[in-house]
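Residue numbers (our numbering), protein chains in the order written: chain D, 1 to 115; chain X, 116 to 230.
Just so you know, these hints were derived from the structure itself, not from any lab.
For each residue, glycine too, the CB sits at the ideal point set by N, CA and C.
Wrong hints could be hidden among the right ones.
Said to hold, decoys possible - Calculated lysine to any residue pairs in the SDA-like style (CA-CA distance at most 25 Å, straight line):
1) Lys71(D) <-> Ser40(D)
2) Lys110(D) <-> Leu196(X)
3) Lys172(X) <-> Lys110(D)
Claimed, not checked - One side only, chain D facing chain X, incomplete, derived with CB under 10 Å:
4) Met94
5) Gly106
6) Pro115
What the hints assert, rightly or not - So the derived label-pair ranges between C-beta atoms look like this:
7) Ile127(X) <-> Phe46(D): 24 to 32 Å
8) Arg226(X) <-> Pro82(D): 33 to 41 Å
9) Phe46(D) <-> Arg137(X): 32 to 40 Å
10) His125(X) <-> Asp55(D): 22 to 30 Å
11) Ile175(X) <-> Asp17(D): 26 to 34 Å
12) Asp17(D) <-> Ser195(X): 44 to 52 Å
13) Ile20(D) <-> Pro123(X): 17 to 25 Å
14) Phe46(D) <-> Lys124(X): 18 to 26 Å
15) Pro82(D) <-> Pro185(X): 40 to 48 Å
16) Pro185(X) <-> Ser40(D): 33 to 41 Å
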Amino acid sequence: GESVGLHLPTLSVQEGDNSIINCAYSNSASDYFIWYKQESGKGPQFIIDIRSNMDKRQGQRVTVLLNKTVKHLSLQIAATQPGDSAVYFCAENMGSGAGSYQLTFGKGTKLSVIP
Amino acid sequence: DSGVTQTPKHLITATGQRVTLRCSPRSGDLSVYWYQQSLDQGLQFLIQYYNGEERAKGNILERFSAQQFPDLHSELNLSSLELGDSALYFCASSVATGTANSPLHFGNGTRLTVT
Numbered sequence: 001g002e003s004v005g006l007h008l009p010t011l012s013v014q015e016g017d018n019s020i021i022n023c024a025y026s027n028s029a030s031d032y033f034i035w036y037k038q039e040s041g042k043g044p045q046f047i048i049d050i051r052s053n054m055d056k057r058q059g060q061r062v063t064v065l066l067n068k069t070v071k072h073l074s075l076q077i078a079a080t081q082p083g084d085s086a087v088y089f090c091a092e093n094m095g096s097g098a099g100s101y102q103l104t105f106g107k108g109t110k111l112s113v114i115p
Numbered sequence: 116d117s118g119v120t121q122t123p124k125h126l127i128t129a130t131g132q133r134v135t136l137r138c139s140p141r142s143g144d145l146s147v148y149w150y151q152q153s154l155d156q157g158l159q160f161l162i163q164y165y166n167g168e169e170r171a172k173g174n175i176l177e178r179f180s181a182q183q184f185p186d187l188h189s190e191l192n193l194s195s196l197e198l199g200d201s202a203l204y205f206c207a208s209s210v211a212t213g214t215a216n217s218p219l220h221f222g223n224g225t226r227l228t229v230t
């Protein structure tokens, strides 16, 4: 089964509010996590990543939090805009050994921004 | 625009047929990855190539094969197609093989429909 999953399959947020998308992972050996955004008809677009030796990383309007104790990852989007409407995937690197890089994706959360 | 180019954008074919999907990675990226995205399975890792050599294999069927050419473009060959092979096929590229700070950049995919 999936080792990366999402708590909420859909999320509706008012424009201007903050969004929080959650993700649970089961492989404690995973060392790298990425959030992707996928708009209709397009491929996954890289948003932000975090290594397992960190617990927080900030980008432009986005923050990723990693809680290794409970194997939980979250993506926070500040001041959500209509253009943020998309499906968001978390992914973990389950590759082992040099040169191995296998991202396992969760099933995604659909974020809908209400104008 | 991720810089990863995939052709064709759409492909419709019949069961039992064989198709070839093509991918050009971002300039400077040596690694190419293939993913399959279907409604019931989400994004599934198929295979990875690095500088022309196979580096990692995921859930790739024996009917499927891939290669990476000296100019670093890659092709995914799908043969003896079945209805269940209908899906979006994504190519992604990255600079290196397993560097944690090297996220994958995805193309916009090829939508394969098997009738």
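Interface hint status, Met94(D) versus chain X (Cβ within 10 Å): 9 Å, holds
Determine whether the Cβ-Cβ distance between Asp17(D) and Ser195(X) falls within the hinted range of 44 to 52 Å. 50 Å, holds
Are Pro185(X) and Ser40(D) spaced within 33 to 41 Å by their CB atoms? 35 Å, holds
Given the hint that Lys110(D) pairs with Leu196(X), test it: the Cα-Cα distance must not exceed 25 Å. 31 Å, violated
Less than 10 Å between beta-carbons is the criterion; does Pro115(D) satisfy it with respect to chain X? 26 Å, violated
Is 32 to 40 Å respected by the C-beta to C-beta distance linking Phe46(D) and Arg137(X)? Once the Cβ atoms are compared, 22 Å apart, the range 32 to 40 Å for Arg137(X) and Phe46(D) is violated.
Classify the hint on Gly106(D) as holds or violated, based on whether any CB of chain X lies nearer than 10 Å to its CB. Holds - the Cβ of Gly106(D) comes within 10 Å of chain X, reaching about 7 Å at its closest.
Regarding His125(X) and Asp55(D), is the given constraint of 22 to 30 Å on their beta-carbon distance met? 43 Å, violated
Quick check on a hinted range of 26 to 34 Å for Ile175(X) and Asp17(D), using CB atoms only. 42 Å, violated
Hint check: Lys71(D) vs Ser40(D), CA-CA at most 25 Å. Holds or violated? 29 Å, violated
Check the following: the C-beta atoms of Ile20(D) and Pro123(X) are separated by a distance inside 17 to 25 Å. Given a distance of about 38 Å, which is not inside 17 to 25 Å, the answer is violated.
Using the C-beta atoms of Pro82(D) and Pro185(X), is the stated range 40 to 48 Å upheld? Distance hint for Pro82(D), Pro185(X) holds at roughly 44 Å.
Violated hints, in rising order: 1, 2, 3, 6, 8, 9, 10, 11, 13; the structure is consistent with all others.
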